[in-house]
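For the record, the sequence lines run as chains A, S and V. Note that the working numbering has the first sequence beginning at 25, numbered continuously upward. Note that the working numbering has the second sequence beginning at 9, numbered continuously upward. Note that the working numbering has the third sequence beginning at 1188, numbered continuously upward.
Simulated from the structure, these hints should not be mistaken for laboratory data. We put the beta carbon where it would ideally sit given N, CA and C, even for glycine. Please note that the accuracy of each hint is not assured.
[To be verified] If the Cβ cut is set under 7 Å, some of the chain V residues that face chain S in the computed set are:
id: 1; residue: 1220
id: 2; residue: 1240
id: 3; residue: 1244
id: 4; residue: 1271
id: 5; residue: 1278
id: 6; residue: 1279
id: 7; residue: 1395
id: 8; residue: 1426
id: 9; residue: 1429
id: 10; residue: 1435
id: 11; residue: 1439
id: 12; residue: 1445
id: 13; residue: 1446
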Amino acid sequence: MYKRSLALLLVCLMILTLAFSGCSKPATETGSEAGGETAAPADEVIKVGWMGSLTGDQAVWGQCEFDTVKMLFEEINAKGGVLGGKKLEAIGYDTKGDPQEAVNVAKRLTGQDKVVAIIGPNASGNAIPIAPVLEEAKVPDIATVATNPKVTVLDGKVKPFNFRVCFIDPYQGAVAAGYAYDVLKFTKAAILYDVADDYSQGLTEFFEEFFKAKGGTVVAKEAFKFGDVDFRPQLSKIKDAGPEVLFLPVFFKEAALIANQARELGITVPLMGGDGLPSEQLFTMAKDAVQGTYIVNHVDYDDPEVQDLKTRYRNKYGKELELNGYLAHDAVVLLIDAIERAGSADPVKITEALETADVQGVTGRIKIGKDTHNPEGKEAAIVKIEGDKYVFQQKYSAQLD
Amino acid sequence: MSQFLQQLINGLSIGSVYALMAVGYSLVYSIMNFSNFAHGGVIMLGAYFGYYYLTAAGLPFPVAFIVAALTTCLLAVIIERGAYKPLRERKAPFLYFIISAMGTSIFLENMVIATIGPTFRTYPEILSRTPIQIGSVSVGRLDLTMFIISAICLALLVFFIDHTKMGKAIQATAYNIKASALMGINTDLVIIVVFALGGFFAGIAGVLFGMKYTVYPQIGIITNKSFIAAVFGGLGSLPGAVIGSILLGIIETITSGYFSSQYRDLIAFVLLIAVLVFRPSGLMGKVTEDKA
Amino acid sequence: MDLNYIFGILTLAGINLMSVLGLSLLTGFTGMFSFGHAGFMAIGGYTSAMMTVKFGLPFIPALLIGGLIAALVSSIIGKLTLNLKGDYFCIATLGFGEAIRLILDNVQYFGGARGWPGIPHHTQLLNVVIINIVAIIVLANIVRSKHGRNMIAVREEELASQIVGINVFKYKLISLMISAAYAGIAGGLMAHYMTFLQPKMFSLVKSTELTIIVIFGGLGSISGSVLGALVLTSLPEILRTFSEWRLVIYGLSVVIIMITRPSGLMGGYEFTPSSMKKLFARMKNKNKGLPNQMEGGKTV
């Protein structure tokens, strides 16, 4: 009896906590506080939301993204903030990479924390469902590496509050196919992709489409399922098909395992991949096996402008900056520019300013297209793995259509 | 033909990974009659322990290997004491054990993410990655080693269960826990030993898995497969777990090699259900009696 | 506290509750454990989204069709697997759930793994609440009917029920079909709340979450399920500020609840007008220092 009452009491308490947790200042929350001075009066602080995976399979990128945003905000605050002295504060929440969580986070950020804009998420599957929430709250979102076209445009109509700083899957597929066929002169490609992953499926579709349109043949198209670690059955089959290049539209963990296993089975052809591949971790996992791999990347790591950001991040966190960090950096640059040009921290005005944004980021020039909300004409950087470096080959852009 | 042989070897090697993981499940199931979903978490930690003993503590490989397995041994016993014993004392139905196990596995996985971080770790190269070539078929050195280590461990386990007093007590307890207690067997001790053995196997599986693939907090996902393999072979039966695992490995390989890699798991599941329809207790499972 | 955010969480709790109610009938009242209910949610979700998007049907009929299709699929699965015991049934349902997800990943008509955006936004807090109230009334009536008592008999003593002439298989099948229909409707609600469907949303984790809610609330208690769905949907939101420690705490609290309250929050109890009366009477008795004779109650 007492136990039951106790449990019921506990439940009531929990519900009450939920109801009142909004009254407490987010500034007291653990892990959400960035460089913003806690002493600054409320109207002097501009809150910016961040969302992404802090747990789950993509936590590596999510944590790096959030760390980058926090670091940049601290730097900006130290230099005197934005809009003539206002401080920036980053409030970030974990989505686990789950669409439902993403919707909750978007509601919390826009409704409760009253952020002026959101940076992230990195997964397209999370960036798509938050659109109605953004439209209701009239708060803009800048996605970092969500490459699905439908993140910003649906049924031919642009979503008013969704923006992004990366190129899109069809473009990436076209670049990869074009570079493989036209520059590297490969005519026979094999694909090994993750059937349960949205990014992998999208890139596969567009690579296949453009590669075939160029005149190449896809000799093998094999799949695995998220969570798999052994790819030898598929690779044995691919080996028999005799491709000239193995295209891997996957993330670096799978890519490293695939590379190791492919070399074990005696597949010696070069590998090729998209923006899921570049990571410092690729080298620790499969340094020898990935030599000579071509990657369609957002950023040229040798670019002098990039070096400074890399060093700052390394000095602060003691780890290497992952690809997502570069795009998070550009999202911050884009946002700050929009806030300054809007001359206010009003979300609607920021959105208007974002629509006409044209800034230079570390991943290239970001000129937001009014009808697409994508950075238009952004070139991809082709890099090749040599030793433990991503060696820049060339900037490459492809024509869609 | 050479492709078929290669696929068969691939299947055997995948199957032996499943087998090593499935044995721990089956051991616990045979005594406690519930699926210990926390096993995946223990395997994952085993991989991490092995990694840190090798790199941070600088132990030589065989020592690190054994110490890692002993650590997971201890961990499994602690989990039993913390998450299952209170339920056991209340004679709670198996559902509660499963939920408690799931809670534990969520806890372990996220504890690692929160403390160690989500980054992937790679074991230093202990065995050369260059495979042994037999004709046009290649056999990985690590696969071969894994196969041998698994076989030795399983043989030792079978010896332990068949030829020691404790092993006999385990068999008796698996047959009927109440009657064994009445016959003077310390069933509480038996349960500890079983969890310790399960933990030991989890440690071995974790280290070998980590060496072969990589170490990351979500290793637990792959143990779902070994769980399915254990059901395939018949829960609670050690030979069943091994045979089920090897079969599942080969079925998966053949499916993706000759039919469709896109629908591989679908075909594996359909086969699983087909086996269960005709043999409701798996291939070699003990026939569970109706409660009367 | 922002109302929009609270309404969002409550809507989500309502959607979860819908499938938990169904699962409660299967697990709490009939004694079977399913790891595949996310699969039924997926079937319901994709079917009802197809009805509204491709055939232009109104929301409520689309939901019902989603539930119906889920129930139909469950009857096929049930016929094959309901004879299995305990963990074997559990694994068969796990296999089913993963198989559904794999099929949806491959079917490009529904967008495959990349998901299906642009589903109209129909699910509001109000209609979720109304649908849940109807669902609770229907479920309470089923449980209290002759059929419901037969299901409980199957849960308690399968062999004995068989002997007294209860068609065990039939009742298991009915229970599975009703629970699948509930899950299907919940999936439809989810689709029209998220305006987006992705097979990833219906993973094993989702099925596990639902089962945890049922057991957390208390097996064989509808009010427990309601409470469980509310608490366990909002708990991760309360813990949100803990960032990466959130799931550590979640996992730990599940274990602690299991070992300290093995019959769940409500432990077979129901909130009904008469039970409230009894509760107050008992509290009075206690205050007077009288011995409490009604302690305990029905536990599973």
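Verification of the hints:
Because the beta carbon of residue 1220 of chain V sits about 6 Å from the nearest beta carbon in chain S, less than 7 Å, this interface hint is met. Hint status for residue 1240 of chain V relative to chain S: violated, with the closest Cβ pair at about 25 Å, above 7 Å. Contact between residue 1244 of chain V and chain S, as hinted, is not supported at the beta carbon level, the nearest pair being about 29 Å apart and thus beyond 7 Å. With a least beta-carbon distance of about 5 Å to chain S, the hint placing residue 1271 of chain V at the interface is held under the 7 Å criterion.
The beta carbon of residue 1278 of chain V is positioned within 7 Å of a beta carbon in chain S (closest approach about 4 Å), and the interface hint is therefore held. The beta carbon of residue 1279 of chain V comes within 6 Å of a beta carbon in chain S, closer than 7 Å, and the hint placing it at the interface holds. The beta carbon of residue 1395 of chain V comes within 6 Å of a beta carbon in chain S, closer than 7 Å, and the hint placing it at the interface holds. The interface hint given for residue 1426 of chain V is broken, as the beta carbon of that residue sits about 11 Å from the closest beta carbon of chain S, more than 7 Å.
Here the hint on residue 1429 of chain V is broken, as its CB sits about 9 Å from the closest CB of chain S, past 7 Å. Below 7 Å, beta-carbon pairs count as interface contacts, and residue 1435 of chain V has one with chain S at about 5 Å; its hint therefore holds. Contact between residue 1439 of chain V and chain S, as hinted, is supported at the beta carbon level, the nearest pair being about 5 Å apart and thus within 7 Å. The interface hint given for residue 1445 of chain V holds, since its Cβ lies 4 Å from the closest Cβ of chain S, which is under the 7 Å cut-off.
Contact between residue 1446 of chain V and chain S, as hinted, is supported at the beta carbon level, the nearest pair being about 4 Å apart and thus within 7 Å.
Of the numbered hints stated above, those contradicted by the structure are hints 2, 3, 8 and 9, listed in ascending order.
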